[in-house]
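Chemist: Chains as they are written, first to last, in this note's numbering: chain A, 48 to 348; chain B, 48 to 348; chain C, 48 to 348; chain D, 48 to 348.
Errors might be hidden in some of the hints.
One copy or any two copies: either way a pair holds, since identical chains are not told apart in the list.
Below are the PhoX-like pairs computed for lysine-lysine, each with C-alpha atoms no more than 25 Å apart in a straight line [to be verified]:
| # | residue 1 | residue 2 |
| --- | --- | --- |
| 1 | K297 | K122 |
| 2 | K79 | K55 |
| 3 | K255 | K158 |
| 4 | K296 | K55 |
| 5 | K255 | K55 |
| 6 | K255 | K288 |
| 7 | K296 | K255 |
| 8 | K297 | K79 |
| 9 | K122 | K55 |
| 10 | K297 | K55 |
| 11 | K79 | K255 |
| 12 | K288 | K153 |
| 13 | K79 | K153 |
Since the hints were made in silico from the structure, they are not lab data.
There are 4 protein chains.
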Amino acid sequence: MSGIFEGKTDGTPIAGIVYNTNQKSKDYSNIKNTPRPGHGDLCWMEKYGIYDYNGGGRGSGRTTISHVIGGAIAKKLLKTQGIEIISHVVQIGDIEAKYIDYENLKGNIDKNNVKCGDLEAAKLMEELILSKKEEGDSIGGIVETIAIGVPAGLGEPVFGKLDGDLAQILMSINAVKGVEIGLGFESAKSTASEINDEFHYDENNDIKTRTNNSGGILGGMSNGMPIVSRIAVKPTPSISKVQNTVDLKKGENTTIEISGRHDPCICPRVTAVAESVTAIVLADHMIRGGFIHPTNLNKSL
Amino acid sequence: MSGIFEGKTDGTPIAGIVYNTNQKSKDYSNIKNTPRPGHGDLCWMEKYGIYDYNGGGRGSGRTTISHVIGGAIAKKLLKTQGIEIISHVVQIGDIEAKYIDYENLKGNIDKNNVKCGDLEAAKLMEELILSKKEEGDSIGGIVETIAIGVPAGLGEPVFGKLDGDLAQILMSINAVKGVEIGLGFESAKSTASEINDEFHYDENNDIKTRTNNSGGILGGMSNGMPIVSRIAVKPTPSISKVQNTVDLKKGENTTIEISGRHDPCICPRVTAVAESVTAIVLADHMIRGGFIHPTNLNKSL
Amino acid sequence: MSGIFEGKTDGTPIAGIVYNTNQKSKDYSNIKNTPRPGHGDLCWMEKYGIYDYNGGGRGSGRTTISHVIGGAIAKKLLKTQGIEIISHVVQIGDIEAKYIDYENLKGNIDKNNVKCGDLEAAKLMEELILSKKEEGDSIGGIVETIAIGVPAGLGEPVFGKLDGDLAQILMSINAVKGVEIGLGFESAKSTASEINDEFHYDENNDIKTRTNNSGGILGGMSNGMPIVSRIAVKPTPSISKVQNTVDLKKGENTTIEISGRHDPCICPRVTAVAESVTAIVLADHMIRGGFIHPTNLNKSL
Amino acid sequence: MSGIFEGKTDGTPIAGIVYNTNQKSKDYSNIKNTPRPGHGDLCWMEKYGIYDYNGGGRGSGRTTISHVIGGAIAKKLLKTQGIEIISHVVQIGDIEAKYIDYENLKGNIDKNNVKCGDLEAAKLMEELILSKKEEGDSIGGIVETIAIGVPAGLGEPVFGKLDGDLAQILMSINAVKGVEIGLGFESAKSTASEINDEFHYDENNDIKTRTNNSGGILGGMSNGMPIVSRIAVKPTPSISKVQNTVDLKKGENTTIEISGRHDPCICPRVTAVAESVTAIVLADHMIRGGFIHPTNLNKSL
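Based on the sequences and whatever the hints tell you, model everything.
Modeler: Following this line, the structure appears as structure tokens:
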């Protein structure tokens, strides 16, 4: 609606609207007075004294469309600098994908419905998700994001660290309950001699590390290796199984069965969001770090 | 040095200086041209073209003293609202502490050197740490932070979510590689019917949940339950064991043995930092959320 | 489009769209390659390498509609605190309005086309504006804004001073070239003994000043007296008279006669913008200062 | 105290302390309960419920030392880009300096005590100031700041306009009551045909304007011409003449005679502050606009 002129950004904010064409508000009328367990409904009520229950309001994954739009623009920008980002599902429930190298990962992600690089695991994940759907339940998982081509030196210590900014935006994605960089929680069990990424000069005389346990970030700054993050996605809280909750109007305990179209697992969709918010943070730091001239963006896009 | 007048804050910035009285810069002279594996030295060099190696610069845990000072003030403020925060060690290497209820936790934390609420685990943790010290190595761990008395409604969706802000500041602590809220990565393996926190009216007719798998945060806002976070702390990268690195001056591969006083495990010290930064974020949101009048702070402190 | 639910704000951003129904883009085709003197066209070209000349882009007063919408909401909020704001024209060209007390000012502003409180001056101002229109020229003026009922203590020294924030937003209004608080430039000619506002206890034992040369702001904070600002508005740069400019395509000097509907004096319209941005800054500081609980806004609006 | 390593900035915050070696706190004891007219004392009391009266607290011009230190660094940075800034006194009371071209201005400013480029006016200004000092009174004035060599395209419309940011920081200087860019309030009396700066190609085929009534800023962005601002400085409110005020302790009207060392006119000193804050804003926008790479600053300084 604004910001684009003759196919180029013109320096004004880029605005767009996505109309929700298949929303059925009646689907949500039953949650008007009965907050859904695992959802923010009640927090909204308590914070603002009012809650727009239609479509689940801000609690709905729908809101992430704006992240994806912003991310699409950020990716165009990063591409001009040789940076590319992919997100993929590495775990659903207790099914873990095995390691797949980057090139095969890129090739496989879109060959299956769960956005997993390990095609055998993908089959099992899909079966698990469908069985949970049968039960009127949902299941969680883990999404990994890899950014390659990121120059060393992104991140502004102490209060604008790259890992801090990534953690904030990734944790802010609906349903995310955990964020890891590199080895993450695995490093809690390790010794420095096991996980320190040792430096050496490669054949081009560039300083590299053979391992990437740091996930490409040291001291809050990128070190030139791929930026690797993982997020824990909880099972979609909206399920059709009977759950205990309260009736705010009657002031008494009650139960709720949530109808409507709900994903039994949102991990495959979350990959697009994780990819997008990571792109936004990296593009922002490319600009803050002086790697790109904002005034020249429209020429490079 | 400023900001305090006649024992009260006077509205001007509170400034203080802590002089490092026992720094031995010679300890660091050997890292002038040989970046330490697992440290940000090289990132600083590549970002700024210069690096103050004395005392490890910003890469040193020393910098967190400012977080602790800020946290001390934030805690005084939160205390006036009945909010209290404790951090404790729940894991060192593969030794996990068993669950301890809040009151015993508070009592036990300072009864041992590793700030662990489970006194038997604490003994084993201490032994493990000392053995690693013997080997000239170091070990990682997990620190949990619990904030009780936090009102429902803290957090500003979409871009100032409480879990997002906590994740940012916790991930920004030196050596932290992962952040979890509530069940965290465990929720990836779970179904909604297993982990949704169901609502009910308690005896005082307050809406409560029996479980707290959400860690007190839903939709980016506090829900009135305790705020629970966990951070993965990597082993201190500075170790005396021989490691491979590069000599930036000679432009060739070399090795480094880092002398100087280095903690074989920083988790016990990180508890103070995690507690402080959590206090800062909560105090900030108490103000942003209108629960406290900044203009009245000096009367309440 | 969002943010309002059942007649109340629901905590989500309030979004709206105003479609420009009577824009005639052809009006602007002639400025495609010939930057208009007194306009930012050329700066946009040089900054962004591209310029959306339709409707004058961001250089057009049209953009201030968003300020007015935001201001309308801010005013509703301030009204709940007994704060009201009016802007009026005090000078057009060399015609100055004489002092009119607040109540008569309120009554008179809408009784004339130039939003002036002095009805006789208003007639002369209108004549002057129309004569300039005849000549295909335009004329500048001064707009004064008065906010009453503002409590003492708004403003956050050193970097969030109330006068600093007002100056920024007022100077950011298109065509504004000067901002004064209270006596403004007059104080440059004065002595302290002439203009210091002396304190005294009034009949209600409230501390008041008889004069208000400070314009209600001292040390960057409100002092409880009316907040008074004045802005210098330059003549609308778009005029139909022949002006010298350059042809960016041919790279040679040329002339321009700007057709289209252009106000010969925008001061009357600027009153709505000045009123709105002042309301936004005051509402913001009422929240920052803890005078209002954001979480309760929807109850008070 | 930090931020400088081996003579270069090292990416960490630059911190310094200036101890006030000749403060005589007794000078201020008499204002403990009697707010000084024209000062922010009472606002501080009302906002924070407490006021550090020693040295006049934040109301004292002493606080601007930090602006000057920051400005000194910003100027070093701008110098690498060929930008230079000078501030000079153009009016004291009703004595106005006549126009002096830039080169002579630079030469004359430091040849007199009032930092005025017109040496004859300077004499009269000095006499006026001294006569006011005799009377135990003070006098105001106007300070002009000129920045040359600023590239076109600095400023981020709508909310980070260059004139808006300059107005904010200039109005935030203690005792400043008005800010003008270019013609400022004079433009209120003018027509567009009189003051629009017309464009032409100069001998080097650069687009220039013969006049600079816009003060180098159009549409909130720099246009390549010198950036010219003027600020109205009120007379120092601290005077030894008897003034009416209130005794907050006794709750009754009283009078005050302010002893201590007070400048009868602070304009000459304000030149250093105006110059510094202008440098800070321009340096900030040079970085935001991508004209400078922050990561390379330490190499260029």
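Chemist: So, for every hint listed, does it hold in this structure?
Modeler: Cross-check of the supplied hints:
Taking the shortest alpha-carbon separations for K297 and K122, neither the intra-copy value of 50 Å nor the inter-copy value of 36 Å comes in at or below 25 Å. Taking identical chains as interchangeable, the C-alpha atoms of K79 and K55 lie at most 25 Å apart only when they sit on different chains, with a minimum of 16 Å there against 44 Å within one chain. Taking the closest pair of Cα atoms, K255 and K158 never come within 25 Å of each other, the shortest separation being 33 Å inside a single copy and 44 Å across copies. Proximity of K296 and K55 under a CA criterion of 25 Å is satisfied inter-copy only: 19 Å between copies versus 52 Å inside one chain copy.
Within a single copy, K255 and K55 get their C-alpha atoms no closer than 38 Å, and across copies no closer than 27 Å, so neither meets the 25 Å cut-off. For a Cα distance limit of 25 Å, the shortest separation of K255 from K288 across copies, 20 Å, qualifies, whereas the shortest one inside one copy, 52 Å, does not. In this homomeric assembly, K296 and K255 come within 25 Å of each other (Cα to Cα) only across copies, at 16 Å, whereas the closest approach inside a single copy is 62 Å. In the homo-oligomer, the alpha carbons of K297 and K79 lie at most 25 Å apart inside one protomer (12 Å), although the nearest pairing across protomers, at 58 Å, exceeds that limit.
For the homomeric pair K122 and K55, the shortest alpha-carbon distance inside one copy (15 Å) is at most 25 Å, but the shortest distance between copies (35 Å) is not. Only between protomers do K297 and K55 lie at most 25 Å apart by alpha-carbon distance; the minimum there is 23 Å, versus 55 Å within a single protomer. Within a single copy, K79 and K255 get their C-alpha atoms only as close as 56 Å, which misses the 25 Å cut-off; across copies the closest is 19 Å, which meets it. In the homo-oligomer, the alpha carbons of K288 and K153 never lie at most 25 Å apart, since the shortest distance is 37 Å inside one protomer and 39 Å across protomers.
Proximity of K79 to K153 under the C-alpha cut-off of 25 Å is found in neither arrangement, the shortest distances being 43 Å within a copy and 40 Å between copies.
Hints 1, 3, 5, 12 and 13, counting from the list given before, are not met by this structure.
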